[in-house]
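2 protein chains.
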Amino acid sequence: MQIFKPSKTNDSLFQKYETMLKEAMEAVHKRLHFSPFPEMPSPKEYGETAEADQKQKFESQLHGKFDRLKQSSDSWLTSDEESPYTSKALSLSYPTLSSADAYIKAAEAASQDWKRTDAKTRAGILIESLHRLKNCFFELAFATMHTTGQSYLMSFQASGPHAADRALEAIALGYQELTRFPDHVSWEKSAGKFTLKLEKYGTNIGRGLALAIGCSTFPTWNTMPGLYASLIAGNAVIVKPHPKSIYPIAVVVGIIQEVLSENGFDPNLVMLAVDKANQPITKQLAEHSAVRIIDFTGSNSFGTYIENLPNKIVFTEKAGINSVIIDSVDDLEAVAKNIAFSISLYSGQMCTAPQNIYVPESGIQTKDGVKSLADVEAAIVEATKGLVEHPKAGFAVAGAIQSTDTVERIKKAAGLGGKVLLESKPIANPEFAEARTQSPIIIEIADDKRDLIKGEMFGPIVFVVPTKDTAESIELAAASAREHGAISCSAYTKDPAVMEKIALQMAEAGTPVSFNLTGMVYVNQNAGFTDFHVTGGNPAGNASFTNPEFVVKRFIRVQSRVEG
Amino acid sequence: MQIFKPSKTNDSLFQKYETMLKEAMEAVHKRLHFSPFPEMPSPKEYGETAEADQKQKFESQLHGKFDRLKQSSDSWLTSDEESPYTSKALSLSYPTLSSADAYIKAAEAASQDWKRTDAKTRAGILIESLHRLKNCFFELAFATMHTTGQSYLMSFQASGPHAADRALEAIALGYQELTRFPDHVSWEKSAGKFTLKLEKYGTNIGRGLALAIGCSTFPTWNTMPGLYASLIAGNAVIVKPHPKSIYPIAVVVGIIQEVLSENGFDPNLVMLAVDKANQPITKQLAEHSAVRIIDFTGSNSFGTYIENLPNKIVFTEKAGINSVIIDSVDDLEAVAKNIAFSISLYSGQMCTAPQNIYVPESGIQTKDGVKSLADVEAAIVEATKGLVEHPKAGFAVAGAIQSTDTVERIKKAAGLGGKVLLESKPIANPEFAEARTQSPIIIEIADDKRDLIKGEMFGPIVFVVPTKDTAESIELAAASAREHGAISCSAYTKDPAVMEKIALQMAEAGTPVSFNLTGMVYVNQNAGFTDFHVTGGNPAGNASFTNPEFVVKRFIRVQSRVEG
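The listed protein sequences correspond, in order, to chains A and B. In this text, residue positions in the first sequence follow this note's numbering: the first is 30, and each later residue adds one. In this text, residue positions in the second sequence follow this note's numbering: the first is 30, and each later residue adds one.
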């Protein structure tokens, strides 16, 4: 007998992907390199005509209806999306329902079968959706580029293979947790002359309807972990993308709906709920009593509102103020080049991009002797100029600026009262003459302007902060992380004791540190399976991709027992 | 190199208990019977003179200072504790500090070494404390009996071996989660012609100071899981017992402090913060910004206040309204006897005790044909009378009533408007003539009084609720669990389809069901390692002893990386 019989099981897809799932579960725990989806957009990996075909698909999708969703809808809405490369509207329209209630009713109805099926069925369907998504990675790249302003290569990698890695990681850890305890045990206990016997049956119950709120800069990478984690745990999900970055995640939702349909599940299990900036529906959805789980990426103010909603299980990634601590280095030029790349990459619009660079006012030790603060500043400025003014690398690294607010912020930064070490300028883009671009502005902050370093200056705005010594640098960086949040930290030191101190003090402020990066690894990078993204231990966010907490909070375990 | 070096490691105790810890980790996952601490107070297991020696220790402790704590203090406070068996004050005094701030400062200072030591050192010390506690199980039994009113046997089992099981379970799952990911990996990734290499180092960081708020009825069983889970995760803990039930947990805290001291750790890592009902300090502690984790067992109103405190990680067990659903049975008399025991055990003061018994008004199928509602009621009434009036079993099962409020509630219940099927009477206790006792009152609730079943009537107050049919019984029980909380459910049915329906509908309301109990297992019982206690899925509480969520929320994982 089995009192919790799953309904509608279908493990054919599970069997197809069982090996991959096992590898993924192992990778989650070994934390070595694992990347099942090739990260280079090479014809060899993805097919000779894939890029051209999908570019064509992207272009013919513009100015039209996104008709690939299988969800219930009653009208079409033309989105706010516009390309940071052309400043033109994408003129895309998406199917919508007329109210938050309508989305919630449809999603809840669709969840009935899903919540009663088993983890194998769910895992198979979800991994299949990632495999189909692979056939859209180039379209995703173009869609991401023309909504977020990311460069083409970053768009491909972040929205395609890297987002799929993160989703697979969430599926794998979710599957592991769902199957962690036996569904049936024959329990016996000796009680003197006789033996007590019970049959115990266990089942997992999803916490209920989930809402995944996306951001403007990483529409799939930041949304897919929570989306897939909620799904593997048995919950329906309403995806509420940022009004300016819908197209990429719409492709993802469409594919999941397609696989659900083909396997006999109601596609409304995942619904795309599109809105416009001047008619937002996020709060109506978030505050609805039926919504039990919320994943959020975005601003501090909205994130804090979400965190404070009563009776919700909330996973947030908000803003971080990331630090670079320079104590001592071998090769200053190599260090400066690495930092220049980090602050220029996607024009500082990554949540992991550095903002405040702490340098002792007495200078630093290098293999070429002591270099002064001015030397360090000059090296970073030169390396940054060299990168952004490079005719091939500059525009390819910096991409474009997603929001005009960011452009305004950069322009105002020069007047903040610091010493401008490097001015921000447009970066010419050979393909897109109208691209919204700005190179990094680098500003030395005087002692009396230190309040500036406590606020996130989203975009390519970098402060050099002269400090008494490295001890003060660490103190400022750790305090900033504790009080205002941080997602990354980069540090340079040749002294093992200083390294330990930085690592521990930043860890206690919930911040991982990357030490002595001078090569092709950058502090901004954070990879599925090996790196935890955000620790959940400071105000930059309360969740981590993908630690056990990220999945176990999405379902409960119930055991019943039968006297036998 | 290792950038996160633990401080003050000491794995000698870990080595002593490594086998036990492994067995415990295995038991957590197999969920079969595992009970490392013998549950019967037998001389063979605990020593010929243990009971007499510890009774003597208990008696000489009364009317005196509890001077076994090693924590900082500046004065003594005579507690509100009084025995439900004698109605006399225990006249015990405990060391206190003058303010919430003083406890917090002391605990935070003590946490510095603990948070930087390793999981092995912590696990060894914590398991050693349980082994020393074993030598106090009889004293714990007397202390529990004379604060909670539990019978002697229940006091021994619940506060001794069963509470130690639950603590060990939390240590084991905590240890497993803390050691789940490698502390060091040499990461490599091929990037075309060269290979990127990083050394990655991981560490766990406790979330911060914890507060464990105890209840009046199960001072160790309900407090030790959260206490030990916070400790294994690296956090200091302030234990705030119920003002009427301090002595048992004071013994536990004293022993942990002793083991900490012996192993070079500051005993203030665990502090007992005693207060009086008319001068409570719980809110001052709970609202303090330094308190990051709160474990709470107690009333709905206070529990909801705790759950709504901003920026806390909260684990609650509040009140549940537990149901019995009778659909069909073999042997009505055996069923009635099992139910009678469940409602009489510790006079209904267990969080798992049944309150509402749903019976179809048309009666039920039995092996002897259809029995009417009146037959079912009569059988339960007769079985209950037989048990509570039994000169040896009655007082031993029912124990005493912890609070005079409960006595008042029982007395008022007769006037609630239902049909009283069995009146509550005092139960004579041969040893304690003054014992505060009341046998169960059983009341049939008419349709127009059904609002009564929605409120918890703490104590031996039982409602029989006639329903149209079993479908309505399930509906009412599930709705009550969803809306008002439930921790247990007992159901009787011979129909597998009905069993499935009950199990699933109650599971979806976050409630485990015990089916067809007629022997020596009772719905009230919930054992470490095999049964999850509370699911976290309805208003009766947001946490579960001990699922992964119960431990993983108490620390974060931080990984740093070094280019090498």
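One thing to keep in mind: the hints can contain errors.
Since the list can't tell identical chains apart, any single copy or any two copies may satisfy a pair.
To be verified - Below 25 Å or equal to it, Euclidean Cα-Cα: the simulated BS3-like pairs (lysine-lysine) are: (1) LYS34 <-> LYS523; (2) LYS37 <-> LYS414; (3) LYS448 <-> LYS34; (4) LYS45 <-> LYS34; (5) LYS441 <-> LYS226; (6) LYS341 <-> LYS312; (7) LYS73 <-> LYS448.
For the record, the hints were derived by calculation from the structure and aren't laboratory data. For clarity, every value in this text was computed on a predicted model and none was experimentally measured.
Which of the listed hints are not met by the structure? 2, 3, 5, 7
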